[in-house]
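*Asks:* What follows is the residue order along each chain.
2 protein chains.
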Amino acid sequence: MLSEFDIIRCYFSRPAPGAVLGVGDDAALIKPARGMEVAVSTDMLVAGRHFFADADPRKLGYKSLAVNLSDMAAMGARPRWATLSLALPEPMVRTDEKWLEAFADGFFGLAHAHQVDLVGGDTTCGPLTISVTILGEVAKGKALRRSGARPGDDIWISGHLGDAALALAHEQRRIVLEPGEIMECLPALHTPAARVGLGQRLIGLAASAIDISDGLLADLGHILKCSKVAAVVKMGDIRCSASMKRHLPQPLAIECLLAGGDDYELCFTAPRARRKTIETLSLEQEIPLTRIGRIREGGGLVVLDAAGNTITLETKGYDHFHV
Amino acid sequence: MLSEFDIIRCYFSRPAPGAVLGVGDDAALIKPARGMEVAVSTDMLVAGRHFFADADPRKLGYKSLAVNLSDMAAMGARPRWATLSLALPEPMVRTDEKWLEAFADGFFGLAHAHQVDLVGGDTTCGPLTISVTILGEVAKGKALRRSGARPGDDIWISGHLGDAALALAHEQRRIVLEPGEIMECLPALHTPAARVGLGQRLIGLAASAIDISDGLLADLGHILKCSKVAAVVKMGDIRCSASMKRHLPQPLAIECLLAGGDDYELCFTAPRARRKTIETLSLEQEIPLTRIGRIREGGGLVVLDAAGNTITLETKGYDHFHV
Numbered sequence: 001m002l003s004e005f006d007i008i009r010c011y012f013s014r015p016a017p018g019a020v021l022g023v024g025d026d027a028a029l030i031k032p033a034r035g036m037e038v039a040v041s042t043d044m045l046v047a048g049r050h051f052f053a054d055a056d057p058r059k060l061g062y063k064s065l066a067v068n069l070s071d072m073a074a075m076g077a078r079p080r081w082a083t084l085s086l087a088l089p090e091p092m093v094r095t096d097e098k099w100l101e102a103f104a105d106g107f108f109g110l111a112h113a114h115q116v117d118l119v120g121g122d123t124t125c126g127p128l129t130i131s132v133t134i135l136g137e138v139a140k141g142k143a144l145r146r147s148g149a150r151p152g153d154d155i156w157i158s159g160h161l162g163d164a165a166l167a168l169a170h171e172q173r174r175i176v177l178e179p180g181e182i183m184e185c186l187p188a189l190h191t192p193a194a195r196v197g198l199g200q201r202l203i204g205l206a207a208s209a210i211d212i213s214d215g216l217l218a219d220l221g222h223i224l225k226c227s228k229v230a231a232v233v234k235m236g237d238i239r240c241s242a243s244m245k246r247h248l249p250q251p252l253a254i255e256c257l258l259a260g261g262d263d264y265e266l267c268f269t270a271p272r273a274r275r276k277t278i279e280t281l282s283l284e285q286e287i288p289l290t291r292i293g294r295i296r297e298g299g300g301l302v303v304l305d306a307a308g309n310t311i312t313l314e315t316k317g318y319d320h321f322h323v
Numbered sequence: 001m002l003s004e005f006d007i008i009r010c011y012f013s014r015p016a017p018g019a020v021l022g023v024g025d026d027a028a029l030i031k032p033a034r035g036m037e038v039a040v041s042t043d044m045l046v047a048g049r050h051f052f053a054d055a056d057p058r059k060l061g062y063k064s065l066a067v068n069l070s071d072m073a074a075m076g077a078r079p080r081w082a083t084l085s086l087a088l089p090e091p092m093v094r095t096d097e098k099w100l101e102a103f104a105d106g107f108f109g110l111a112h113a114h115q116v117d118l119v120g121g122d123t124t125c126g127p128l129t130i131s132v133t134i135l136g137e138v139a140k141g142k143a144l145r146r147s148g149a150r151p152g153d154d155i156w157i158s159g160h161l162g163d164a165a166l167a168l169a170h171e172q173r174r175i176v177l178e179p180g181e182i183m184e185c186l187p188a189l190h191t192p193a194a195r196v197g198l199g200q201r202l203i204g205l206a207a208s209a210i211d212i213s214d215g216l217l218a219d220l221g222h223i224l225k226c227s228k229v230a231a232v233v234k235m236g237d238i239r240c241s242a243s244m245k246r247h248l249p250q251p252l253a254i255e256c257l258l259a260g261g262d263d264y265e266l267c268f269t270a271p272r273a274r275r276k277t278i279e280t281l282s283l284e285q286e287i288p289l290t291r292i293g294r295i296r297e298g299g300g301l302v303v304l305d306a307a308g309n310t311i312t313l314e315t316k317g318y319d320h321f322h323v
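Quick note, the sequences are listed as chains A and B, same order. To convert, note that position 169 of the first sequence is 169 in UniProt numbering; the numbers rise steadily by one, no gaps. To convert, note that position 136 of the second sequence is 136 in UniProt numbering; the numbers rise steadily by one, no gaps.
Hints were generated in silico from the structure; no laboratory data involved. Accuracy of the hints is not assured; some may be wrong.
One copy or any two copies: either way a pair holds, since identical chains are not told apart in the list.
To be verified - With a cut-off of at most 20 Å between alpha-carbon atoms, the simulated SDA-like pairs for lysine to any residue come out as follows:
no. : residue 1 : residue 2
1   : K225      : L21
2   : K225      : R14
3   : K225      : D6
4   : K140      : V23
5   : K225      : E297
6   : K228      : S13
7   : K142      : L21
8   : K225      : G22
9   : K98       : F5
10  : K142      : G22
11  : K140      : L21
12  : K225      : S3
13  : K225      : I8
14  : K225      : F5
15  : K228      : V23
16  : K225      : P15
17  : K142      : V23
18  : K228      : L21
19  : K142      : V20
20  : K31       : L21
21  : K142      : G18
22  : K31       : K142
23  : K140      : A33
24  : K225      : R9
25  : K140      : M36
26  : K140      : G22
Every value quoted in this text rests on a predicted model; they were computed, and no experiment measured them.
Here chain A stands alone, though its shape is the one from the complex (with noise of 0.2 Å):
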């Protein structure tokens, strides 16, 4: 059986170059470059709340990051390094080790293609939690924050929102899916795109920015509270799947679509003089940027439908102690 060094050792002790230091001493070192800020993160996932006990290891370990990454790309630094807290299952550990290599293999692709390196961690016998915690660099007083947004501002959304809780409701059998469906929807809850390459792009376009991993009213709400501001946004500009659509006037699927979560898009807010700009962004970044609405002055958050009738949810978006 492996013990907490051999497990150290033999799946998380790689050489990081973007380092001064990094595994194998009682702290990792590191140095941010001149003029730079370092952006902190952190995240953690749980078996059973966040995933299911059963889940594939590698996609796992690529999430795992991928929703850290995701933080960097809404304050728009570049990610550098990370540290991975692991609490492991017993039994894992004696007869899986297959396990922790395939985690690793997800975790570490994606950290490479992002040149992330990992500088730190902890491997301890417990309930299967992942802790990560990002570090990444952004010029100083550059950063994206939630509290930019001011009246006349458009609302931008990345990509397309709700596929990853559709294919959730799915597995919880809430809902059914085709199974061309199924392929559409299930990469953006297990593999998500973190937006990091866009994130930093929007440093000095955007006025405003947070990521959608609590559903787009709750995001969006950070953003409206934090600047002091109000939204409205249309439904039907949200971008969203061939399968979202086709679900669409389901109640369930107006959930998953506004307050589903997971989604790991960026929400922003830009003036409007930056339209053009922000639409050759989208074409040289093959991301589709989507305006779905307009900040106001005051507060609260209007969704309104094709008719204009105003749309009201249950909930707002996900709180890991009300589910």
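Use these hints to put chain B onto chain A, whose structure you have.
*Replies:* Quick look at chain B alone, frame taken from chain A:
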């Protein structure tokens, strides 16, 4: 019942005067001072493994930060910022807000004492798990590493060892301590003093350093391996409490002393020429600093008893998958 956002707002959003941006956005922003590197370390504590599920939440909050501060001490870094991820069982959130209040009190009490800002975190529902990442500053190229020990170096330890393990053995009913002994040993287990000030003063004096979290033999072993050297330690020279002295003939007490772990004292090596300076530092800091042995050429670690005989132990230190 508190929502995830309520928990963060009520208990974990405090001013972060040392950060550019604290809790409340997608990431925090920090900026190390000019010429400083950032030291990063992370530790995960799991209920039933690192602490009893009914542990005093105030002490748990304290200790979850202390074990991380200890890693900064071992690098000679000044701790400055931390993130905290918490998985909490649902009933604990629903019925026991006092738990959260006490946990936060313990955590922030120690954080304030060391001017550490909590700059980010995550709360979720799950088996009680605490993951802290600590960030500190250390002058470029000056950090204390495990790899710097040289033949001829003295081996030093701070404070005294084994009390935490003795207290744990008592709580596990593997040994019986007298009430006075419990009073003496228990604080080492629940509220260890991280040697933060000492660590920073050891820069330029110590050749290598580590904090003793897994037990003296395992942790000194890390120094030996990283530095490619051997060591001889005299057990009789290891400072220990009156309680430990009374139990020391027993094999269990020897194990607690040499391999118990959870000490969070520093073990460091320094050239013989530094003895006087280190003795003066001990007086200044009011922390016992004791020479317990010598670094030699070669490999391996030999511990001698008072008669000069080699001591052999079954376990060499704490491994989270072998207990």
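*Asks:* Regarding K142 and G22, is the shortest C-alpha distance of 20 Å or less found within a copy, between copies, in both, or in neither?
*Replies:* Cα proximity of K142 and G22: across copies only (16 Å, versus 28 Å in one copy).
*Asks:* Can you tell me if K31 and K142 fall within 20 Å by alpha carbon in one copy, between copies, both or neither?
*Replies:* This pair counts as both: shortest intra-copy Cα distance 19 Å, inter-copy 13 Å.
*Asks:* Give the relationship of K140 and G22 under a CA distance limit of 20 Å: within one copy only, between copies only, both, or neither.
*Replies:* Classified as between: cross-chain Cα gap 15 Å, same-chain 25 Å, threshold 20 Å.
*Asks:* With identical chains treated as interchangeable, where does the CA-CA distance between K225 and E297 reach 20 Å or less: within a copy, between copies, both, or neither?
*Replies:* Within one copy, since 12 Å is at most 20 Å while 63 Å is not.
*Asks:* Can you give me the call for K225 and G22, within, between, both or neither, at a CA distance of at most 20 Å?
*Replies:* between (39 Å within a copy, 16 Å between copies)
*Asks:* First find the shortest C-alpha distance between K225 and D6 inside one copy, then the shortest across copies, and answer within, between, both or neither for a cut-off of 20 Å.
*Replies:* Intra 47 Å, inter 14 Å, cutoff 20 Å: inter-copy only.
*Asks:* How would you classify K142 and V23 at a CA-CA limit of 20 Å: within, between, both, or neither?
*Replies:* Cα proximity of K142 and V23: across copies only (18 Å, versus 30 Å in one copy).
*Asks:* At most 20 Å between CA atoms: does that hold for K142 and G18 within a copy, between copies, both, or neither?
*Replies:* between (22 Å within a copy, 18 Å between copies)
*Asks:* Is it within, between, both or neither when you check K142 against V20 at 20 Å Cα-Cα?
*Replies:* Between copies, since 12 Å is at most 20 Å while 25 Å is not.
*Asks:* How do K140 and A33 come out at 20 Å by Cα distance, when the copy is not named: within, between, both, or neither?
*Replies:* both (11 Å within a copy, 13 Å between copies)
*Asks:* Evaluate K225 and P15 at a C-alpha cut-off of 20 Å and name the case that applies: within, between, both or neither.
*Replies:* between (42 Å within a copy, 18 Å between copies)
*Asks:* Is it within, between, both or neither when you check K140 against M36 at 20 Å Cα-Cα?
*Replies:* Both: 5 Å inside a chain and 16 Å across chains, each within 20 Å.
Checked against the numbered hints given earlier, the structure satisfies every one of them.
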